[in-house]
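Peer 1: Given next are the chains, with one letter for each unit.
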Amino acid sequence: MAKRPTKKNLKAMHLNMVRIRRFEETAGRMAENGKIPGALHLYVGEEAIAAGVMQHLSDEDQITSTHRGHGHLVAKGGEFKPMFAELFGRSTGYCGGKGGSMHVSNMKVGMLGANGIVGGGPPIAVGAAFSNKYRKTKNVAVAFFGDGASNEGSFHEAANMAALYKLPCLFVCENNGYGEYTPQANHQAVVDVADRASGYGMPGVIVDGMDVMAVYEAAGEAIDRARNGEGPTLLECKTYRFYDHVGVRGMGLTYRTDEELALWQARDPVSAFEKNLIDLKVMTQDEIDSVYAEVNAALDEAVDFAEQSPYPDPSVLLDDVYWVGGD
Amino acid sequence: MSEARESEPRSLSYLAAISEGVREVLLEQDNAFLAGEDVGQAGSVFGIYAGLFDEFGADRVIDTPISEKGIIGLGVGASATGCRPIVDIMFMDFMGECMDEITNQMAKMRFMFGGSVALPVTVTTMSGGGRNLAAQHSQSLEAWLAHLPGIKVVMPTNAYDVKGLIIAASRDNNPVFVVMNKMIVAMQAEVPEGAYEVEIGKASVVRQGTDFTIVTLGRMVYEALDAADQFKEQGLDIEVIDARSIQPFDTETVINSIKKTHRAMVVHEAVQFGGFGGEIVAQIQDLAFDYLDAPVARIGAPFSPVPFSPSLEDAYIPNAARIVEKVKEMLA
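Line by line, the protein sequences are chains D and A.
Just so you know, the first sequence maps onto residues 1 to 327 in our numbering.
Just so you know, the second sequence maps onto residues 328 to 659 in our numbering.
Just so you know, these hints were derived from the structure itself, not from any lab.
Among the clues, some could well be false.
[Stated by the list, open to error] What follows is a set of in silico ranges between Cβ atoms, one per label pair, in the way DEER data are often shown:
| no. | chain 1 | residue 1 | chain 2 | residue 2 | range |
| --- | --- | --- | --- | --- | --- |
| 1 | A | 439 | D | 190 | 29 to 37 Å |
| 2 | D | 307 | A | 458 | 16 to 24 Å |
| 3 | D | 313 | A | 357 | 54 to 62 Å |
| 4 | D | 29 | A | 409 | 49 to 57 Å |
[As the list claims (entries may be wrong)] Facing chain D, a subset of chain A residues (Cβ under 8 Å, in silico):
| no. | residue |
| --- | --- |
| 5 | 400 |
| 6 | 410 |
| 7 | 461 |
| 8 | 559 |
[Claimed, not checked] Derived list of chain D stretches under chain A, where covered just means 3 residues or more per stretch with a C-beta under 8 Å from a C-beta of chain A:
| no. | region |
| --- | --- |
| 9 | 108-119 |
| 10 | 125-138 |
| 11 | 148-156 |
| 12 | 181-191 |
| 13 | 310-322 |
From the three backbone atoms N, C-alpha and C, an ideal C-beta is built for every residue, glycine too.
My request is simple: use the sequences and hints to build the entire structure.
Peer 2: What follows is the structure in structure tokens.
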């Protein structure tokens, strides 16, 4: 049975979607201003997926993420200050400045890391799910990955093992239609990644990844099954990347058309959900506006915090290569 | 060692020389193709293959799925059966995904099968740090490859060499890895038009000197040249050797230099412990011990993954200042 979201769920999901959207827009602006070193892969357009799935998870449930991982961490309970500090390469960041955007993580909320290796996450999620079962907890592990990663051997091995051992695991394919710069039709012969599920012996479900309510319901069912010992599910969320693979450019890209972008932007998951919330009388426009005001204020504070934080001292370079005592 | 259609050299970027090298291969060999992640329409990262898709089409410049094991396997199987593939692994770090295909298949097939098959496959890839791309997009893993009997490994450091080595790699009947560097893609050099080869296994003496030898891998050659210039006024004449190829490695050029200078240092960007520099030092002490006035020094990265933050990455990657300091220590 599909689990209907409560008003509290709806408001929490909205807050998370706004937090992700504004975080990413702010990070993109900072990168363009040269304040964030390295590469940024932004999640704008895909917010409904992280928000809808994470609404079912506690800090004790784990996720693995991708190179496009900020949204996953925000929705899992990541805080703006240490996230921005990490993106800025400062010592106060979640990883002490050693990881950056592509490796931002927080074990305390069960976020096992953004990952620079496409397909890096699913096998680790299987390990976490195995551990959950082995330790007899009721926790689940969720692997987020893209259509591109669904072509990595690591994904296939992970999916097979999760089904074989009936692990409390959920595979969430964020199918945004592009593996880096290559359109899906040029990187796989299937249209629906969920079709592959039957080959592993697990259910495959397709959902509109621009609709947070739909994601919430489908993820809820799959996570319930996982918690009840009924094994993994492959949940494919059809979505779109409003920005380029790296950076903030959306229009004028050579490998996709502006018309295609416009079609997806017309289905913007954040504004669509806000319209829904008003129609359902869950929130008023004023309440929505105050969510933005709060989030924006928190972001301003976080950026100030990051900018004022020191860079890590080179003396820490060899710390944490190995465990040598402590936590 | 140049040949054919050679004309007036022009100044060309490292980046443009890569695609020109591949272009010459595709023009020369009907059974050659380029395959890899985003090599086609997108021209790969930094645009190193820009223009090739438009010129040669989707049959010969092939966008692959993000499937590194599949990509290397494609190169192995196609090269065993009459093709001359160039396959691209976007960042060297991603070789983790396909090390079985490299280690247990590509490197061993000819030997295991009693010489009954040749694998004329070229693998191109980008290595090195310096762009704040963190631990999984910045590594220098050439020692992994040099340790595998059956494959060759070159590390071109300028536009002339990268073009000539790609062509030589493709003409070679063995698997050859062309390990390129992402920090020098904009660097210009004189590059002739047309096809020419740079000999695989031959080092390049990029600066003649009489008092001290620095052997470098990859882009560390520029740090060594910078360091050498800093000693010029003090009257210390440093010879700098760009190894260019590490498998096979040009021991002779290095030994001849040391016979002249009697002091040596090896510099690479990879982690020092277990890095290829250790092999070079061992070769020197095997073959030139009697010519040495001091122990051979080594400079590589500290024993940690490549850090993200600029303050840490700057401290991590070897540079001219560290080379200068070490030379001074050796002369003290």
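Peer 1: Next step is simple, just say for each hint if it's right about the structure.
Peer 2: Here is how each hint holds up against the structure:
no.	hint	verdict
1	A/439 with D/190: 29 to 37 Å	holds, 35 Å
2	D/307 with A/458: 16 to 24 Å	holds, 22 Å
3	D/313 with A/357: 54 to 62 Å	holds, 57 Å
4	D/29 with A/409: 49 to 57 Å	holds, 53 Å
5	400	violated, 10 Å
6	410	violated, 21 Å
7	461	holds, 5 Å
8	559	violated, 29 Å
9	108-119	holds (count 5)
10	125-138	violated (count 0)
11	148-156	holds (count 6)
12	181-191	holds (count 5)
13	310-322	holds (count 8)
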